[in-house]
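Protein sequences, first through last, are from chains C and E. When we follow our numbering, the leftmost residue of the first sequence carries the number 1, and every step to the right adds one. When we follow our numbering, the leftmost residue of the second sequence carries the number 267, and every step to the right adds one.
In short, the hints are calculated from the structure, not lab data. One should not assume that every hint holds.
Stated by the list, open to error - Covered by chain C, according to a simulated footprint, are these stretches of chain E (three or more residues, beta-carbon under 8 Å): (1) 344-355; (2) 358-369; (3) 470-482.
Quick reminder that beta carbons are idealized off the backbone N, C-alpha and C, glycines included.
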Amino acid sequence: MQGLSTYFKEIWRRRYFWLSLVKVDLRSRYRGSAFGIGWSLLHPIAMTTILCVVFSTMMKTEITDFAPYLMAGLTFWQFVTCSSLLGCECFFAGEGYIRQHPAPMAIYPLRTVLGAAFHFTLGFLLVIVLTLICHGAGFLGVAPLLSLIPTFALLLIFAWSLAILFGLANVRFRDLKHISDVGFQGLFYLTPIMYPEDWLENRRYITVLFHLNPFMPFLHLLRAPVCYNAVAAPETFLAATLITVATASAATAAMYWQERKIIFHL
Amino acid sequence: MARIVLEEIGLTFRVRQRTKLTLKEFLVGQMFRRSLNPILKVHALSGVNLTVERGDRLGVIGHNGAGKSTLLKTLAGVYQPTHGKMVVDGRVSSLFDLALGFEIDATGWENIAYRSYLQGETPRTVRGKRQAIADFSELGAFLNTPVRYYSAGMLVRLAFAIATSIDPEVLLIDEVLSVGDLAFQAKARARMGEMVDRAHLMVMVTHDLESVPKVCNRAVWLDHGHMMMEGPTEAVIAAYKSLAAPVKVAA
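Next comes chain C alone, as it looks inside the complex:
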């Protein structure tokens, strides 16, 4: 336990380093682009618009209900896939530093996740704006909005843990990134991002998969405020916390085991 607190202190001591790298990543991503950071806002808007036009006619739902639901799902999915798939590369991206200085390895996945979290936060602010446009300025209460703070904190730890696990695994098995790419595409269709949740009820195995899906509690936590102006049920918070604790424990154990071996596989 003392080792863990020393480890986090070391991470904190180097906060200026990883925060600077996050800034560099964000800047170089839009380098030479006329629209700059606007692209990260335009992408979810464009996707939501296209999918809304296609699906709202098929599903006969109100576009004002469906648009925030869809955009919240897409923004969340983008965050999870970016953290995991870009996380696969995190130790290779930091190789130059790893070969020079024995800093805590967890700062490299943190760099990836904070970059993704920046886009997620921007995207979710857009979701809130969209909700206000669709349902009127008085729709969102203070309590539902405040409930997003613990949700974001849980999500950040969950995504950091995912990036650590994917990063460590990919250092050993370089195929993992490609396999995960396909896997996440499959999961995208198995998770109610683009369609209502009730589509998956009473469909035998699919329903079982739906209930086992670890992303669902997070989706509920994000959608309850913006779609229904409600704070998610305590059981949902508990489920998301348990999933986060389990993933973080796995990431901590894997990091403890691999921390000083990574360099031999780069």
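Here the structure of chain C is known, so what remains is to put chain E in place on it, guided by the hints.
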């Protein structure tokens, strides 16, 4: 209190003969048949016993692949020994792989900050010395441009200026004396001399046997990861030369 103690230190690299292990090979290949890509064990260091006390200037000599740089990286904490016990007390500064670890899209000024932050510095402490680093690197207006436009020599000059800007207790140096052009080399040598004087202890890896007695009071001779000899500089160099000197072949 700066001090290094190594007890029976060993480091074994486990490398694959060909490329990296693929998931398919891991899941299928090794279960049903003998791997076509077996793990090779390379004993980079074995049974190294060494104590370096405050005031010591230790030179590490040996042929290519003897484990000199591996020893230095182990002392720096970059590699963790697979055997033995290691204690390194004191604030460590290492001068190796200087050209690594630059953000190529960031400017020279920004890279000065990033590298300093990696060593645990804060914006306040960096502000205090960034001008001195810039002056020493002699890169002038180039510091405002992204380092992707720097030549290899310019990059190493900047890295050297940053790495030598801190006051270390334990200084680890790997063949960095050939930095930049002739004029800069002289300046780098002078800076190194100052650092060596200020550091509480120093370990230097080099092939330049002439410079070792001038800088170091002790030396270690490594061969295939084993410590062949340790002691006063002249004696170790003489022993190394007598065994490692190329044999003259009669015409």
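Evaluated hints:
no.	hint	result
1	344-355	holds (count 3)
2	358-369	holds (count 7)
3	470-482	violated (count 0)
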